[in-house]
Amino acid sequence: LGKGEPKLRTLALLSVEARILQRVPVIDSPDAHMTADTPDAASRSQARAGEYPTILPAGERAPGFTLHSTPDQMVTLDELRGRPLVLAFYPADWSPVCSDQMALYNQVLPEFKRLGAQLVGISVDGVWCHKAFGEARNLHFPLLSDFEPKAAVSQSYGAYRTQDGTSERALFVLDNDGVVFWSYLSPVGVNPGAEGILDALERLQAQRGAANGASKSTAGTTS
Amino acid sequence: MSGRLALPVGPRDHTQGSDDAPVTLVEYGDYECPHCGRAHPIVKLVQQRAGMLLRFAYRNFPLTEVHPHAEQAAEAAESAGAHDKFWPMHDMIYEHQPALGLKSLLLYAEAVGVDPRAVATDLATRAYLPRIREDFMSGVRSGVNGTPTFFVNGLRFDGDWTNVDSFMVAIASAAK
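Top to bottom, those sequences are chains V and Z.
Quick note on numbering: the first sequence equals residues 1 to 223 in my numbering.
Quick note on numbering: the second sequence equals residues 224 to 399 in my numbering.
Treat the hints with caution; some may be incorrect.
Unchecked claim - Below, computed lysine to aspartate or glutamate pairings styled on EDC-like, alpha-carbon distance capped at 20 Å:
#1 K131(V) to E288(Z)
#2 K308(Z) to D383(Z)
#3 K326(Z) to D314(Z)
#4 K113(V) to D338(Z)
Everything labelled a hint here was simulated from the structure, so no lab data went into it.
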């Protein structure tokens, strides 16, 4: 036990640190009132610290998926490969923050395209809900439905909120080969904007440019 | 995420108040956004209360897919700006938010003393679209995620923009 204790403490500290790094919502969360002085607050927050998802970090291969993009069309991750892909997980169609977030991405779409990237939104909403939401907001990018088996894809990316039954507000930028280049977990009540995505896409482009330049110059010396 | 103004306020901007004011408030707004309409008189109150402390700059952040008139209204304000009438036109548009069609915008131009034909030409040639796009992208790069978004001395104001006092607290602490 003497040996185990510091290790436990380190683990506890790490988990606190991880929560801070991930900007885990406490105030913004819809269940924030539960973290007040309710009798089970301590055990609850402990449980949350343990079960809180760690979203897929950079360097990991993105798990494949096959999801509905319209009521009669499916899309797979493999089909989306070959250029940078932005996955925007969000809790719910129609909710105020998401609507702002999706409206913003809709508006920034030309910039994503300029950087060669494709964008998809993902939530646990059903296909008809997505269709109505996309039409009402004139969204020009697909919304994928992580509906059945419920949230399986969100879970595989570590972007599922068990306590709410919805996806997290989480962003992933995948490179052309389907490897996570950048990921970000936003407090659920906060619209993360587009700046982080654009920054990641530009860094990805620069990296690829440098790699291409290097391979070209190598080719140059060998020929 | 960073919430820092990526493009500093400079000669390109429409500003009110002295360039030497210790505090600069920047708003990213959309002329058709109802929240921005609500913020408009609040900003006026803040300007009154802060007085010489404050310089105010307005930049465009039109969400055209949800607000079909927002971009045209922004272009009309910019066009009026070329005739030194940006602020009267800006006020006029925010005070008449329900009517932002082309005819209305040209009427507002005339009312603030700008030749409506000049504005009509600018709208037809989309003369100010690149500038509005520049405003918009500077907002995106600064962490603007919806409208209105405010910056106080370059830092995003995440307080309650519906409350004059919360602005005043931010301005007072930035002025120190």
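Status of the hints after comparison with the structure:
no. : hint               : result
1   : K131(V) to E288(Z) : 16 Å, holds
2   : K308(Z) to D383(Z) : 30 Å, violated
3   : K326(Z) to D314(Z) : 17 Å, holds
4   : K113(V) to D338(Z) : 38 Å, violated
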